[in-house]
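Just so you know, the protein sequences line up as chains A and B, in that order.
If you count the first sequence from 1, position 69 lands on 69 in my numbering, and the numbers rise without skipping.
If you count the second sequence from 1, position 336 lands on 336 in my numbering, and the numbers rise without skipping.
Keep in mind the hints are simulated off the structure, nothing from the lab.
It is possible that some hints are incorrect.
With a Cα cut of at most 30 angstroms, we get these calculated DSS-like pairs of lysine-lysine [claimed, not checked]:
no.	chain 1	residue 1	chain 2	residue 2
1	A	Lys100	A	Lys50
2	A	Lys351	B	Lys6
3	B	Lys389	A	Lys218
4	A	Lys391	B	Lys45
5	B	Lys23	A	Lys404
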Amino acid sequence: MGKFIRLKKGFTINLAGKASPKIAEVEPPETVSIKPTDFHGVYMPKVMVKEGDTVKAGTALFHDKKFEKIVFTAPVSGEVVEIKRGEKRKLLEVKILADKKSDHENFRKYTVSEIANLSVDEIKGQLLASGVWLNFIQRPFGIIADPAMVPKAIHISAFDTSPLAPDYSILFRGQDQFFQVGVDVLRKLTSGVVNVNTHTTSEISTVFSQVKGAEVNKFSGPHPVGCTGVQIHHLDPINKGDIVWTINPFGVIQIGKLFANGIYDASRVVAVVGSEVKTPQYYKSVTGASIKKLVANNLLSENVRFISGNALTGTNIGADGHLGFYDQQLTILPEGNHHEFIGWITPGANKLSMHRAWGLFSFLTPYKEFKLDTNTHGEPRAFVETGVFEKVVPMDILPTHLIKSILAEDIDEMEALGIYEVIEEDLALCEFVDVSKHNVQEILREGLDLIRTS
Amino acid sequence: MNFLRKQLDSVRHNFEKGGKLEKYYFAYEAFDTFLFSPNTTTEVKGVQVRDAVDLKRLMMTVVIAMLPCLIFGMWNVGQQHFVALGQTGTFGEKFWIGLVRTVPIIVVSYAVGLGIEFVFATLRRHPVNEGFLVTGMLIPLVMPASIPLWQVAIATAFAVVIGKEAFGGTGMNVLNVALTARAFLYFAYPSQISGEVWTYLGDGAKMVSGYSGATPLALAAQSTGNVVNDLNSFGAGWADGIYNFWNMFLGVMPGCIGETSTLMCLIGAAILVISGVGSWKIIVSVFAGAFGMGLFLNAVGTSPFSQMPAHYHLVIGGLAFGAVFMATDPVTAAQTETGKWFYGFLIGVFTVLVRVYNPAYPEGIMLAILLMNVFAPLIDYFVVSANKKRRIQRATV
């Protein structure tokens with residue numbers, strides 16, 4: 001039986017521009033791109049195609065030099081138009097001009113009974129060759145899972161509580177069958193259980209509630225309850241030496257389609273949201289899609305930021321950018337590149353804050369939707385305020401001390417304070433509420449990289 | 001405002017890298033961000049929106065919480081002045097005397113403190129931190145109205161340089177900066193900050209007959225009989241009932257400019273707690289510690305002071321002010337939530353202990369907070385160790 005866990009700490013950021021529950025058709029994207037920078041733990045990507053090559057959905061584009069079996073595959077069929085490199089020839093992006101024919105590489109199809117009898121090696125071989133392997137994120141460190149490992153559990157967060165997050169019951173509507181096949185496959189990869197973690201306050205899709213062979217747990221509470229790290233902490237915490245995998249329901253469904261239909265299917269529903277979007281709603285798209293078609297004639301103003309992902313952990317990709325590999329949300333917010341006269345003291349009902357300091361009234365209107373811009377509202381300062389990070393981290397972890405130990409590059413201290421249990425998204429709210437405007441997520445990643453590479 | 005913005009932008013290049021005033025960038029930055037919140041936006045990766053609060057606003061909230069104490073204190077300076085001279089004055093006259101005495105102290109405190117901050121920011125190449133907004137107001141509030149201004153200047157300079165900058169600036173200091181200033185005066189110039197200095201009398205003033213400037217703490221320490229009786233009978237003939245319990249709670253009595261009124265401190269505490277800027281855990285536990293220790297001494301003590309009812313400890317001296325504004329300083333207090341309980345409670349305990357058993361230093365709260373500032377990291381160490389231990393124990397299961 002699944003567990004029921006109630007959490008109190010946290011802060012749900014209520015932004016304007018929520019998606020209406022409607023999936024719209026839009027022209028397929030002209031270009032699609034895969035960026036090695038979307039992944040952590042990639043040692044050195046080695047390109048396997050040339051500009052001008054034609055590829056099918058599921059054709060390998062590049063692989064990691066250290067883990068050669070982990071290949072990054074094309075989401076759609078088309079022509080490789082650009083292999084973009086940065087300083088020291090670091091691979092930044094492989095761009096494909098989609099041909100709209102949707103040719104697929106053929107992988108083996110299996111029936112349900114065949115899957116039950118497959119060996120772990122056969123399963124891993126199929127997952128790796130098709131590129132769906134990239135959906136497995138390994139904790140600690142939040143890196144692409146190492147195929148040689150057996151995780152002690154696999155966790156699937158079946159809801160998202162981050163700002164303007166898409167509703168999973170819309171995102172994965174009608175995918176029950178593939179999700180089930182995916183879970184059947186996952187069960188063979190772990191020595192423990194597959195956890196499907198749901199939220200009590202949102203409507204739980206049958207995709208998750210009817211699944212067999214997995215523990216369905218229930219959580220309640222504000223953000224970051226939807227972050228897998230928080231869920232793992234309360235279900236079965238990660239200790240030194242433990243390996244746990246997490247995967248988004250999209251990945252599970254992709255695995256289901258791979259085994260049931262024998263194709264690498266990167267088509268996905270994405271939410272286009274934010275206060276600057278004319279009609280915030282869901283669109284049919286594809287992993288790594290160019291956002292041009294999604295935003296065409298869909299903007300309310302000009303000075304905006306295009307964020308792949310949500311407002312807490314996302315990436316600014318610019319007007320002609322492509323969605324990140326794991327992102328199923330495009331957030332469009334006004335840029336905040338303007339001064340405000342004595343803005344540090346002027347009161348305002350439109351300023352969102354978890355604090356209730358002078359002039360910040362947002363705590364009086366908890367259900368109000370705020371239109372936030374990207375202004376930092378202040379400059380970086382020394383650590384002064386205490387006890388605030390602790391209010392937004394619903395775990396038995398001391399975030400202030402953890403961050404300070406990372407700044408001091410004290411690996412023993414980081415381990416002892418629980419760095420293995422968290423990745424960026426779990427502490428993203430600390431960065432949001434920080435009075436001294438530190439880049440908490442960047443600091444955390446530096447700490448994780450320091451431990452991983454030392 | 002556009003004009004001002006343009007002026008700032010037009011001189012900005014001088015202060016940026018390569019400009020001829022590059023050295024003074026952080027001084028410029030302090031002025032610029034004071035006038036206009038910056039136009040910087042969040043980075044490419046990470047949070048794309050940020051909370052509307054910043055350190056300036058947080059610090060200003062504390063300053064606002066101190067305003068009731070300040071305004072009441074100004075009036076009280078005038079009130080005590082007239083009482084000591086046996087005269088009556090109007091509200092306006094009293095407030096005016098307080099204003100004239102207090103504002104220069106505030107100006108000196110801010111001018112000296114911010115001056116040093118700017119110098120260090122320029123030398124050390126770090127931003128001017130807003131912590132001094134609070135410190136600069138705290139220092140005047142814990143000074144007697146009769147303090148010479150040059151002493152305010154020296155104390156502030158000592159506190160900022162030795163108490164803060166020597167440790168690396170805001171956020172790194174071990175001791176509360178305002179209390180360091182007070183302690184410096186206490187030990188360097190004891191005659192100006194102890195004894196009968198608490199009432200501003202004026203040059204060559206003729207006091208009312210029977211006048212005494214003794215504070216409740218001094219009376220209690222010297223008492224040979226019943227402390228409450230001594231307090232109640234004090235001031236007979238010229239200020240009847242000045243030291244009865246409720247009058248002391250209201251704070252219409254001699255003392256430091258801002259710390260006499262427990263009521264005003266509680267209003268400040270309400271602002272700090274509701275805004276979440278001050279830790280209610282610390283405030284509550286300081287009062288609890290002092291009250292608990294008072295009760296304990298009632299039970300086991302033998303001296304008259306130890307037999308003073310415990311609730312008197314909460315209204316005499318600077319306990320309330322210290323609990324609300326000094327103990328809650330986030331930099332020097334315990335930083336763990338569990339640690340804050342112990343930290344506050346021990347401050348209360350030590351305050352009463354010092355008051356009752358160390359007659360040389362009647363004002364226990366100052367020494368208690370400074371002592372616990374030093375021990376706060378130790379308290380945190382135990383709390384953090386407990387957290388680590390839980391994690392290690394879990395791993396072996």
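Hint by hint, here is what the structure shows:
{"no.": "1", "hint": "Lys100(A) <-> Lys50(A)", "verdict": "holds, 20 angstroms"}
{"no.": "2", "hint": "Lys351(A) <-> Lys6(B)", "verdict": "holds, 25 angstroms"}
{"no.": "3", "hint": "Lys389(B) <-> Lys218(A)", "verdict": "holds, 28 angstroms"}
{"no.": "4", "hint": "Lys391(A) <-> Lys45(B)", "verdict": "holds, 23 angstroms"}
{"no.": "5", "hint": "Lys23(B) <-> Lys404(A)", "verdict": "holds, 29 angstroms"}
In the structure shown, no violation is registered for any of the earlier numbered hints.
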